[in-house]
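Number of protein chains: 2
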Amino acid sequence: MPLRNLQYPKHPYNTVKRYKDRADYSLSTIHSIFNTSPLLHISFVDPNSDVPFPSSLPMIGRLGSFTNPSADLGEVLDLYLHAYVSSRLVNLVREASNSPESKGFPVTVSTAHVDGIVLALTPNAHSYNYRSATVFGYATLVTDVEEKLYAMQLITDGVVPGRWENTRVPPNKGEMASTAVVRVKIVSGSGKVRSGGCHDDRGDLESEEVTGRVWAGVVPVWTMYGEPVPAGYNRVAEVPAYLEEWRKEGNRGREELAKEAMKE
Amino acid sequence: MPLRNLQYPKHPYNTVKRYKDRADYSLSTIHSIFNTSPLLHISFVDPNSDVPFPSSLPMIGRLGSFTNPSADLGEVLDLYLHAYVSSRLVNLVREASNSPESKGFPVTVSTAHVDGIVLALTPNAHSYNYRSATVFGYATLVTDVEEKLYAMQLITDGVVPGRWENTRVPPNKGEMASTAVVRVKIVSGSGKVRSGGCHDDRGDLESEEVTGRVWAGVVPVWTMYGEPVPAGYNRVAEVPAYLEEWRKEGNRGREELAKEAMKE
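Here the protein sequences come in this chain order: A and B.
The opening position of the first sequence corresponds to residue 273 in this note's numbering, with each subsequent residue numbered one higher.
The opening position of the second sequence corresponds to residue 273 in this note's numbering, with each subsequent residue numbered one higher.
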């Protein structure tokens, strides 16, 4: 438990209305759902588009604090995303930053993990165990080189801890020039978590015809990282320990989490 | 390969600009990415909200055709979502349907699978193998009871094939009344797929210091469904064959797909 159990403020747009008991506004829960997600979905309204559909892009991103790099997940953090320097999102963020009164470009970022398939006696009582989270904030471009490098390392090590220092770094001039880093200042967010087993209505539970015929229970679900396969040009004989530890510990941790989530 | 290799039309809002060679507009690719996804992200602009952030919700959904139920994934399909009858999305879809000139409520739906972590010699050349897809369309409420039941079965069997007929069906009056089914007529979409191994620049490939020190290759990633755990009230002694086949075949298929994706 963090020192301060900070919560994101509840506004109409981020308040969970259905299954309120599953809602969680704590920074620690929301941030940990984000920082264990391999992909995030970024939604935004393109002011230059004449269609009524928001944009939605899968991206890699990571929460961290440049001014307080050792901050834990319960502290105030920024979301860092990296993208090609002339991608649409980066162009929109740049345009928004040029306006002096702008707080930045508004984005909604969401992600979700499935932890189990909850198979009840009747389809309507079926569910998933899951952890989902959404944050809302204003995106600006990172211009400070030190902060850009901080974010690049944060994102790289977010995929595989320790990977940054075990590769060819720092990025060269061309790499720095072609990569933009976007920082999202988060103004609010929400999380929603479902765990436990299945729940059925009394009518089905009391029907011997139903309980005698329908299997009820939970199938745990987690993400598996398989054996690393070296590139044709790889010259390192063994898969390094930091990679194998990350992979095996991660698999074990994710499996355990899915199985813990099934318990009532 | 389907009979007709139908493609979604390219408009400014759905055209892939970065890594164009990864773009895929075929219905068969986009639909198969959707129908193997346990969760979809639905984005929309709430006309009643005064914040600049679109909404983004994780939901379960499935593509199918009520008028042509045996249509394959390359055919024209609708996206069906189910939700609580008075949830915000359903209320917005209902409001939009009340306007006689409305095509429905505009939504953007996206999903993505990670198939591998691509670990190159330098962070900037790192990537994922992935399959992502987005569709854009107009949502209306399904009012026909037969179509609603079709969609409920489609969604249930989309999670576990054959589950519907192996549970207590049909839904009772209360279940039918509390569940709304939303049908999205898709107007366009795009897919983006990255597969293969890692690619590095010549400068790094020719550096013995770099190739001698940095492990390069791909870690395959897939979703694992573990041993089913029966509910306390479960009375069926063995996990049924259709469940175990779905689980084991699925695990095998997903692992194979991730390993195939690594090949050049």
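Calculated directly from the structure, the hints in this document are not laboratory data.
Careful: at least some of the hints might be erroneous.
It does not matter which identical chain is used: a pair holds within one copy or between any two.
With a cut-off of at most 25 Å between alpha-carbon atoms, the simulated DSS-like pairs for lysine-lysine come out as follows [stated by the list, open to error]:
1. 292 - 535
2. 289 - 445
3. 445 - 457
4. 282 - 520
5. 520 - 535
6. 531 - 520
7. 531 - 289
8. 282 - 457
9. 292 - 375
10. 457 - 520
11. 520 - 445
12. 531 - 292
13. 375 - 282
14. 535 - 375
15. 282 - 292
Q) Which of the numbered hints above does this structure break? A) Result: hints 3, 4, 7, 9, 10, 11 and 14 break, sorted rising.
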